[in-house]
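S.K.: These protein sequence lines map, in sequence, to chains U and R. Reminder that position 310 of the first sequence reads as 312 in our numbering, one-by-one numbering, no gaps. Reminder that position 371 of the second sequence reads as 603 in our numbering, one-by-one numbering, no gaps.
Honestly, I wouldn't trust all of these hints.
To be verified - Between beta-carbon pairs, the in silico distance windows are: (1) R:Glu379 <-> U:Pro11: 34 to 44 Å; (2) R:Arg266 <-> U:Lys15: 28 to 38 Å; (3) R:Pro640 <-> U:Asp399: 51 to 61 Å; (4) R:Gly337 <-> U:Lys447: 56 to 66 Å.
Claimed, not checked - Some chain U residues well away from chain R (every beta-carbon gap over 10 Å; in silico): (5) Met22; (6) Thr23; (7) Ala30; (8) Thr57; (9) Ser61; (10) Asp72; (11) Asp151; (12) Glu286; (13) Glu296; (14) Gly445.
It should be emphasised that the hints constitute simulated quantities derived from the structure, not laboratory data. Backbone N, C-alpha and C fix where the C-beta goes; we use that ideal spot for every residue, glycine too.
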Amino acid sequence: MRERRQAEPYKIKMVEPIRMTTRSEREAEIEKAGYNTFLLDSDKVYIDLLTDSGTSAMSDNQWAGLMLGDEAYAGSKNWHNLWRAVEEVYGFKYMCPTHQGRGAEHLISQILIKPGDYVPGNMYFTTTREHQERAGGTFMDVVIDEAHDPQCEHPFKGNVDLDKLEALIKRVGPDRIPYVSVAVTVNMAGGQPVSMENLRAVRELCNHYRRSDGRPIRVMFDATRCAENAYFIKEREPGYRDRPIREILREMMSYADGCTMSGKKDCLVNIGGFAATNEREVYEKLTQLVVVFEGMPTYGGLAGRDMEAMARGIYEMVDDDYMAFRIGQVRYLGQQLIDAGVPIVRPVGGHAVFLDARAFLDHVPQSEYPAQALAAALYVDSGVRGMERGNVSAGRDKEGKERFPKLELVRLTIPRRVYTASHMDVVADSVISLYEQRKSIGGLKMVYEPPQLRFFTARFEPVKREGFWAFAEG
Amino acid sequence: MPSLAGTAQTGEEEAGWWPEAEPFKIKVVEPIRRTTRAERERLIQEAGYNVFALRSESVFIDLLTDSGTAAMSDSQWAGLMVGDEAYAGSRSFYRLKEAVADVLGFPLVIPTHQGRAAENVLFTTVVRQGDVVPNNMHFDTTRAHLEYRGAVALDLVAPAAYDPVSDLPFKGDIDLGRLEQALADAAAGRIRVPLVLITTTCNSGGGQPVSMANLRAASELCRRHGVPFFLDAARFAENAYFIKLREPGYRERSVREIVREMFSYADGCTMSGKKDCLVNIGGFIALRDPELYRRATVWAVLFEGFPTYGGLAGRDMEAMARGLEEVVDEDYLAYRIGQVAYLGRRLRELGVPIIEPVGGHAVYLDALRLLPGLSREELPGWALSVELYVEGGVRAVEIGTVLAGRDPATGQNRYPALEMVRLAIPRRVYTRQHLDVVAETCRRVHERRGTVRGFTFEHEPPVLRHFTATFRRLG
Numbered sequence: 003m004r005e006r007r008q009a010e011p012y013k014i015k016m017v018e019p020i021r022m023t024t025r026s027e028r029e030a031e032i033e034k035a036g037y038n039t040f041l042l043d044s045d046k047v048y049i050d051l052l053t054d055s056g057t058s059a060m061s062d063n064q065w066a067g068l069m070l071g072d073e074a075y076a077g078s079k080n081w082h083n084l085w086r087a088v089e090e091v092y093g094f095k096y097m098c099p100t101h102q103g104r105g106a107e108h109l110i111s112q113i114l115i116k117p118g119d120y121v122p123g124n125m126y127f128t129t130t131r132e133h134q135e136r137a138g139g140t141f142m143d144v145v146i147d148e149a150h151d152p153q154c155e156h157p158f159k160g161n162v163d164l165d166k167l168e169a170l171i172k173r174v175g176p177d178r179i180p181y182v183s184v185a186v187t188v189n190m191a192g193g194q195p196v197s198m199e200n201l202r203a204v205r206e207l208c209n210h211y212r213r214s215d216g217r218p219i220r221v222m223f224d225a226t227r228c229a230e231n232a233y234f235i236k237e238r239e240p241g242y243r244d245r246p247i248r249e250i251l252r253e254m255m256s257y258a259d260g261c262t263m264s265g266k267k268d269c270l271v272n273i274g275g276f277a278a279t280n281e282r283e284v285y286e287k288l289t290q291l292v293v294v295f296e297g298m299p300t301y302g303g304l305a306g307r308d309m310e311a312m313a314r315g316i317y318e319m320v321d322d323d324y325m326a327f328r329i330g331q332v333r334y335l336g337q338q339l340i341d342a343g344v345p346i347v348r349p350v351g352g353h354a355v356f357l358d359a360r361a362f363l364d365h366v367p368q369s370e371y372p373a374q375a376l377a378a379a380l381y382v383d384s385g386v387r388g389m390e391r392g393n394v395s396a397g398r399d400k401e402g403k404e405r406f407p408k409l410e411l412v413r414l415t416i417p418r419r420v421y422t423a424s425h426m427d428v429v430a431d432s433v434i435s436l437y438e439q440r441k442s443i444g445g446l447k448m449v450y451e452p453p454q455l456r457f458f459t460a461r462f463e464p465v466k467r468e469g470f471w472a473f474a475e476g
Numbered sequence: 233m234p235s236l237a238g239t240a241q242t243g244e245e246e247a248g249w250w251p252e253a254e255p256f257k258i259k260v261v262e263p264i265r266r267t268t269r270a271e272r273e274r275l276i277q278e279a280g281y282n283v284f285a286l287r288s289e290s291v292f293i294d295l296l297t298d299s300g301t302a303a304m305s306d307s308q309w310a311g312l313m314v315g316d317e318a319y320a321g322s323r324s325f326y327r328l329k330e331a332v333a334d335v336l337g338f339p340l341v342i343p344t345h346q347g348r349a350a351e352n353v354l355f356t357t358v359v360r361q362g363d364v365v366p367n368n369m370h371f372d373t374t375r376a377h378l379e380y381r382g383a384v385a386l387d388l389v390a391p392a393a394y395d396p397v398s399d400l401p402f403k404g405d406i407d408l409g410r411l412e413q414a415l416a417d418a419a420a421g422r423i424r425v426p427l428v429l430i431t432t433t434c435n436s437g438g439g440q441p442v443s444m445a446n447l448r449a450a451s452e453l454c455r456r457h458g459v460p461f462f463l464d465a466a467r468f469a470e471n472a473y474f475i476k477l478r479e480p481g482y483r484e485r486s487v488r489e490i491v492r493e494m495f496s497y498a499d500g501c502t503m504s505g506k507k508d509c510l511v512n513i514g515g516f517i518a519l520r521d522p523e524l525y526r527r528a529t530v531w532a533v534l535f536e537g538f539p540t541y542g543g544l545a546g547r548d549m550e551a552m553a554r555g556l557e558e559v560v561d562e563d564y565l566a567y568r569i570g571q572v573a574y575l576g577r578r579l580r581e582l583g584v585p586i587i588e589p590v591g592g593h594a595v596y597l598d599a600l601r602l603l604p605g606l607s608r609e610e611l612p613g614w615a616l617s618v619e620l621y622v623e624g625g626v627r628a629v630e631i632g633t634v635l636a637g638r639d640p641a642t643g644q645n646r647y648p649a650l651e652m653v654r655l656a657i658p659r660r661v662y663t664r665q666h667l668d669v670v671a672e673t674c675r676r677v678h679e680r681r682g683t684v685r686g687f688t689f690e691h692e693p694p695v696l697r698h699f700t701a702t703f704r705r706l707g
């Protein structure tokens, strides 16, 4: 039987016009941008699926909050409201705002990591790993093996492999592990969730192995998409079907000692983040370091109005109807692609559909950046902007060699509350049409490579200029 | 150099120093609440006699800072509505880039979430451990960033800056002799100087301006030694207006022209948009050198965000672009500088001791002369900040012993040369009537100075104690 369609649990209050371009304009634009979708100007993009970060449509209630910004340097009302929201929804005792998630990661890495430490985590994320390594730590991937297999239908592909984690703890000792970093959901694996059972087990393992000061090993969440993770637990994990997301989220957070949060994702804001902790000493260090890099502890580099919008977004993100629609919309796009036989990461994750570029362009070797090429081709075909998450994003290891990750993906990230099902249909049509003509898409070579986080600003050229855009006009 | 008591100050009167009324009308208001004296006594006691711990709704007039507290214009608020939140290639970024090129003359810009982030990105790019960075006076966060990476922050402001009653027109000028010495040391390989900074206006020196002649000469010295020259440009427009008023040859030049000339001497700048870009959040680095730009973007991505948003919402770049165009409006600047000068003049008339001359963004009360009955150990600056709140609900910040902290070696309080309370005036927020309340509050505290009691620490945190310390009133 045909599944009943669901509609958005909101109506549109304000719009932003977008513009379609011609195929020849787009060919010129992508060349100008060095075949890197990051370098395209936004007014040349029709449907922008580069990121779900900071791109949300805020609610009228959040916009009203912007008007109530209290820009006092100290004691701002908005800071108190944000503090209360974090306390009530997440359950952490202390909170320090930052301008966005990487600001919080930077502070937490600098405070907790010592040179020579190891930071186990369920798959790397670009900026997170960079901050951990700059603080002198070494990132150790302890995600389950299934996470690296795009076709495996595991319901919780973000889970921590407890054996890998325990082996690392035994090998290096608890004192050299400042914290276990658990991302909920795991972005680089395709927005894959972590189960409650797994979070609980990580907590127990970390409680079991005490540091020499008698404390358990710390567990820190990258909580960026924690509400989406909570929804997957509700949907997939026995015993959670009838519990509200808000309760599930509280239970998840109860297994952590703190978290970093990019408010630009689940908190439904365009700017903002925070670090939260249950430890008084960590909070005190946060308040000292935040002044240097972000701003006073009572505003952390945010306008008062942005703290207010984030506080309001925190309550909105745990709305069950909203979250059901959100996950449903991503799945709607994914299902169309699956039905057409397009290789994507399975199961569909929380915030994005990931095209498996290695399978999609199996005639392009990974050294020619198939995901980068596919993202460029998608833009030329329909003005849809996606993002490479493969060899370019993975960067080079300490020996300077390319990392050639198992996952070579194009991420089609869905901004929250911004696009309709009709927009999703346009995206699906374009991807399916490209898949039918995939042999006409060639590889790329890198002609400019920045030393860090190269994917943002690297430039490329086609390996074979002739016939690079051989696919037919859509 | 001429004294302000002579020609320059008279000139300022002639140049429309105190305009009759604000060059804007009010479009949106934010209610503030009067409290009773008894309420305030209770609230400040609950706050541990620390104004930082007061909730902002307990404050009637908030002069804690001029940073991020400006009232934006209707055009800037409209800009918030057209912010382009695209992660890459946002329209709002290009608007900001155009405004920076138009007003400051720099072709390249990297947005950052605020000024200290611009410093962090720039210094991570060019400053190494053991380097020496000269400046007229480093602001706290600038110094903190340099010291955090093991560099030395060298203050080379001309000596008059440290004299509270000297009223020279450009007390922010850098000491060119000492700058030349530092550059010569660098040339001889004795020290490494990766860049020279000048802060306009000089915040730590009381918002005192730097003359065009000084900028030109410093730039020339740097060029001769091949060292990049940067401005900390947070209050650049206020500085430009002082040049127009006080420096020979600039009276007939537009502020826009003066600004362009100031920046023409620099290789780049760091900017806290929360001051002279009239926004609540935002900052940037502006540059000429594409190679330095490319290196700095790498760090910008790590600390701030992608180079076309730099840790700001698109809407905030849009508001900053519009603010940059608004701040060089001469009517606005005449009003702005005039408003601060007005408060200074009122206090002078009422016999309240202040630091001279009055700078661009704040009036500084001289707590040692205002509360002469208190010894340094009784924390007169802190006591004054508490009494201003109790008397009139006015919140101001102590810049004295509590802020200076303890000497890490001896554990003793570091008593700075001056014990001050800063009354920082947010831009376009308060009216002349509000400033009259502030002046009257100061007068009343001064009048009852014989009965004002000192303070001692109750709880003293080890670092940045002023933010969270609690105090006890002495008997």
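S.K.: So, for every hint listed, does it hold in this structure?
M.R.: Hints and how they fare:
1. A hinted range of 34 to 44 Å for the beta carbons of Glu379 (chain R) and Pro11 (chain U) is inconsistent with their spacing of about 52 Å.
2. Judged by the Cβ atoms, the range 28 to 38 Å given for Arg266 (chain R) and Lys15 (chain U) holds: they are separated by roughly 36 Å.
3. About 41 Å separates the C-beta atoms of Pro640 (chain R) and Asp399 (chain U), a value inconsistent with the hinted range of 51 to 61 Å.
4. About 38 Å separates the C-beta atoms of Gly337 (chain R) and Lys447 (chain U), a value inconsistent with the hinted range of 56 to 66 Å.
5. With a closest Cβ-Cβ approach of about 16 Å to chain R, Met22 (chain U) is found to remain outside the 10 Å limit, as its non-interface label requires.
6. Non-interface status of Thr23 (chain U) relative to chain R is upheld: no Cβ of that chain comes within 10 Å, the nearest being about 13 Å off.
7. Every beta carbon of chain R lies more than 10 Å from that of Ala30 (chain U), the smallest distance being close to 15 Å; the non-interface claim holds.
8. Not every beta carbon of chain R lies more than 10 Å from that of Thr57 (chain U), the smallest distance being close to 5 Å; the non-interface claim is violated.
9. No beta-carbon of chain R is positioned within 10 Å of the beta-carbon of Ser61 (chain U); the least distance is around 15 Å.
10. The claim that Asp72 (chain U) is not at the interface with chain R is violated, since a C-beta of that chain comes within 10 Å of its own (minimum 5 Å).
11. No Cβ of chain R approaches the Cβ of Asp151 (chain U) within 10 Å, the least distance being about 29 Å, so the stated non-interface status holds.
12. Residue placement check: Glu286 (chain U) does not keep its beta carbon more than 10 Å from all beta carbons of chain R (closest about 8 Å).
13. Annotated as non-interface, Glu296 (chain U) brings its C-beta within 10 Å of a C-beta of chain R; the closest such distance is 7 Å.
14. Remark: the non-interface label on Gly445 (chain U) is consistent with the geometry, its nearest Cβ contact in chain R lying 23 Å away (cut-off 10 Å).
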